[in-house]
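*Asks:* Residue numbers (the working numbering), protein chains in the order written: chain A, 1 to 128; chain B, 129 to 309.
Be careful, since some hints might not be right.
Using C-beta positions, here's what the derived DEER-type ranges look like [to be verified]:
#1 B:303 / A:98: 25 to 35 Å
#2 B:158 / A:90: 48 to 58 Å
#3 B:285 / A:55: 23 to 33 Å
#4 A:67 / B:132: 34 to 44 Å
#5 A:56 / B:285: 33 to 43 Å
#6 B:283 / A:124: 53 to 63 Å
#7 A:17 / B:191: 28 to 38 Å
Heads up, simulated DSS-like pairs for lysine-lysine below, C-alpha to C-alpha not over 30 Å straight-line [said to hold, decoys possible]:
#8 B:241 / A:10
#9 A:125 / B:301
#10 A:111 / B:301
#11 A:30 / B:200
#12 A:125 / A:12
#13 A:99 / A:10
#14 A:49 / A:111
#15 A:49 / B:301
#16 A:99 / A:12
#17 A:12 / B:301
#18 A:30 / A:99
#19 A:99 / A:57
#20 A:30 / A:12
#21 A:49 / A:12
#22 A:10 / A:125
#23 A:57 / B:301
#24 A:111 / A:57
No lab work stands behind these hints: they were computed from the structure. Each residue gets a CB set at the ideal place from its N, CA and C atoms; glycine is no exception.
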Amino acid sequence: MPVNDEVFEKVKSALVDALGVDDDEVEPSKTMVGDLGAESIDFLDIVFKLEHAFSIKIPREDLFPEDILQNTAYVQNGRVTGDGLALLRQRMPFADLSKFEANPVVQDFAKQLTVGDLCSYVSMKVNA
Amino acid sequence: MRWFWIDRFTEFVSGQYATAVKNVTLAEEAVDEYVPSWPYLPASLVIEGMAQTGGLLVGQLSDFRQRVVLGKINRCQFHGQAFPGDTLHFRAQLTSLQANGAFVSGTVEKCGKPFCELELMFAFLTDERFDDVQLFEPAALCRMLRLLRMFEVGVNPDGSPISVPEQMVAAEKAVLLSSTP
């Protein structure tokens, strides 16, 4: 999903502010957790800043689909099932889940979200 | 252990803002011993004072049923140090209330001059993960709020006084009855 510069700059500003990272560290391909060091508490801050920056509401389950990841109907032996992956794709069309699908360990899900995914999500919400 | 880093509330408008006062004194160990021979209130305890002012402002909205914890210090700038004899005036403004947290913008004045500006984020510990966790025993928290005079100065946005939450009143009564011979 194409992301325009204005969206990226606002997302970058929110991430720089919330995570204390440098401007040049924030790139679309960077993962929020692995590359930018976001912790769970930071996501509350990031969501707040994005909601204000873009005048949107971000339901928690849009970015953190715990209702799927903690549902025994979609998780077996710590891995998301095919049905669960289909539901995730449907819920999160803005995210590139290809790496996660190759090895869908529930615990690794939060590490997948990239800056680009976040920008795509915001663009989707703004244009909805 | 006592952990009061404000002395009392001076204003409290539910869901909007709270002000509190803190007198720095040499009688406090942290002031006297943090840096030997240079007594001052450590910056971290000034922040704690704002966390108490803002955290209680947030907690009161749920009658203190919500588990409110300081999640992040988003921004903080000091303009000096607070020494014994100084009076600090805290003002916490609730800027956003979310389903899983709240944001507070705070200012501190020292003897009438800007001393510190900060922004705090509070998180709510959810029932799903912390159902068996009680951060404060209700009677003890109620006593603390009474000492801080929250119920003396606290009002709702329409000016009516805030009330002591029912579960706290019940807990206080239970404590009194259990200690009566």
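*Asks:* With a cut-off of 30 Å on the C-alpha distance, tell me whether residue 125 of chain A and residue 301 of chain B pass.
*Replies:* Cα-Cα ~51 Å, so violated.
*Asks:* Compare the distance between the alpha carbons of residue 49 of chain A and residue 12 of chain A with 30 Å, and conclude whether the hinted pair is satisfied.
*Replies:* holds (11 Å)
*Asks:* Mind checking the alpha carbons of residue 57 of chain A and residue 301 of chain B for me, to see if they're no more than 30 Å apart?
*Replies:* Violated, because 43 Å separates the two Cα atoms, which is more than 30 Å.
*Asks:* Starting from residue 30 of chain A, check that the Cα of residue 99 of chain A is at most 30 Å away, please.
*Replies:* holds (14 Å)
*Asks:* Taking 48 to 58 Å as the hint, is the beta-carbon distance of residue 158 of chain B and residue 90 of chain A inside that range?
*Replies:* Because 54 Å falls inside the window, the suggested range holds.
*Asks:* Within 30 Å, alpha carbon to alpha carbon, are residue 30 of chain A and residue 12 of chain A?
*Replies:* holds (11 Å)
*Asks:* Residue 49 of chain A and residue 111 of chain A: Cα distance at most 30 Å?
*Replies:* holds (20 Å)
*Asks:* Taking the beta carbons of residue 303 of chain B and residue 98 of chain A, is their distance inside 25 to 35 Å?
*Replies:* Given a distance of about 59 Å, which is not inside 25 to 35 Å, the answer is violated.
*Asks:* Please verify whether residue 99 of chain A and residue 57 of chain A have alpha carbons no more than 30 Å apart.
*Replies:* With Cα atoms ~28 Å apart, residue 99 of chain A and residue 57 of chain A stay inside 30 Å; holds.
*Asks:* For the hint 33 to 43 Å, verify it against the beta carbon of residue 56 of chain A and that of residue 285 of chain B.
*Replies:* For residue 285 of chain B against residue 56 of chain A, whose Cβ atoms are near 27 Å apart, the range 33 to 43 Å is violated.
*Asks:* Quickly compare the C-alpha distance for residue 241 of chain B and residue 10 of chain A to 30 Å and report which way the hint goes.
*Replies:* Violated, because 34 Å separates the two Cα atoms, which is more than 30 Å.
*Asks:* Is it true that the C-beta distance of residue 17 of chain A to residue 191 of chain B lies inside 28 to 38 Å, as the hint says?
*Replies:* holds (32 Å)
In this structure, the hints that do not hold are numbers 1, 5, 6, 8, 9, 10, 15, 17 and 23, in rising order.
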